[in-house]
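K.L.:
Kindly produce the complete structure, drawing on both the sequences and the hints.
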Amino acid sequence: MRRIAAIALGSNLASPWGDRDANLREAVRRVEQLGQVRAVSSFYNTAPVGTTDQPNFLNGAMLLETEQEPVELMRALLAIEQAMGRDRAVVTDAEQSGAAPIKGPRIIDLDLLLVDDVALDTDELTLPHPAMAERRFVLEPLAEIAPAMVDPVSGRTVAEMLARLGVAGR
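Those letters in the sequence shown? Residues 259 to 428, per the working numbering, in order.
There's no promise every hint is true.
Label-pair distances were calculated between CB atoms; the ranges are [said to hold, decoys possible]:
| id | residue 1 | residue 2 | range |
| --- | --- | --- | --- |
| 1 | Leu378 | Thr415 | 27 to 37 Å |
| 2 | Glu382 | Ser412 | 16 to 26 Å |
| 3 | Pro274 | Leu336 | 16 to 26 Å |
| 4 | Ala406 | Met259 | 19 to 29 Å |
| 5 | Pro313 | Arg287 | 14 to 24 Å |
| 6 | Arg287 | Ala421 | 15 to 25 Å |
| 7 | Pro363 | Met259 | 31 to 41 Å |
Derived from the structure by calculation, the hints contain no laboratory data.
Where is the CB? At the ideal position from N, CA and C, for every residue including glycine.
P.N.:
Put into structure tokens, the structure is as follows:
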């Protein structure tokens, strides 16, 4: 069964592929191997959230038509992150002690946000992404390419979630 998956993209470090923009484009190129890319948003320069002592991020979103099941797709996205130099297992001392959230700098960040009308909550994957509705840096690029896509849990569209953030959301 073919499904449409919404994927968030983020980068705030240079890499062997170049700057943040080049990292996002390389990630899109790699994700293309998992299905058919239907849309890619503009890229947005955004301030970091949580751990603010780090470079600004470049964020975007993409829609992928794929036959992969959501957990399989998430594993593939994590493999792309790892191949591009991100190691989610590396935790700083401050993060380990709970003194800092695990949201530090990264070459690439790929988050599975929505997969059609799938609602899932397992140890490995929660869909829709649990923090999506609170993150302007996720919703703004997603609203550019899929404003009518619906969160199957809240019943709200991406455009409605973005509007609820108002000017105070980040």
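K.L.:
Taking the hints in turn, state whether each one holds.
P.N.:
Now the hints, each set against the structure:
{"no.": "1", "hint": "Leu378 <-> Thr415: 27 to 37 Å", "verdict": "violated (20 Å)"}
{"no.": "2", "hint": "Glu382 <-> Ser412: 16 to 26 Å", "verdict": "holds (22 Å)"}
{"no.": "3", "hint": "Pro274 <-> Leu336: 16 to 26 Å", "verdict": "holds (19 Å)"}
{"no.": "4", "hint": "Ala406 <-> Met259: 19 to 29 Å", "verdict": "holds (21 Å)"}
{"no.": "5", "hint": "Pro313 <-> Arg287: 14 to 24 Å", "verdict": "holds (23 Å)"}
{"no.": "6", "hint": "Arg287 <-> Ala421: 15 to 25 Å", "verdict": "violated (32 Å)"}
{"no.": "7", "hint": "Pro363 <-> Met259: 31 to 41 Å", "verdict": "holds (37 Å)"}
Taken one by one, the earlier hints fail for this structure at numbers 1 and 6, listed in ascending order.
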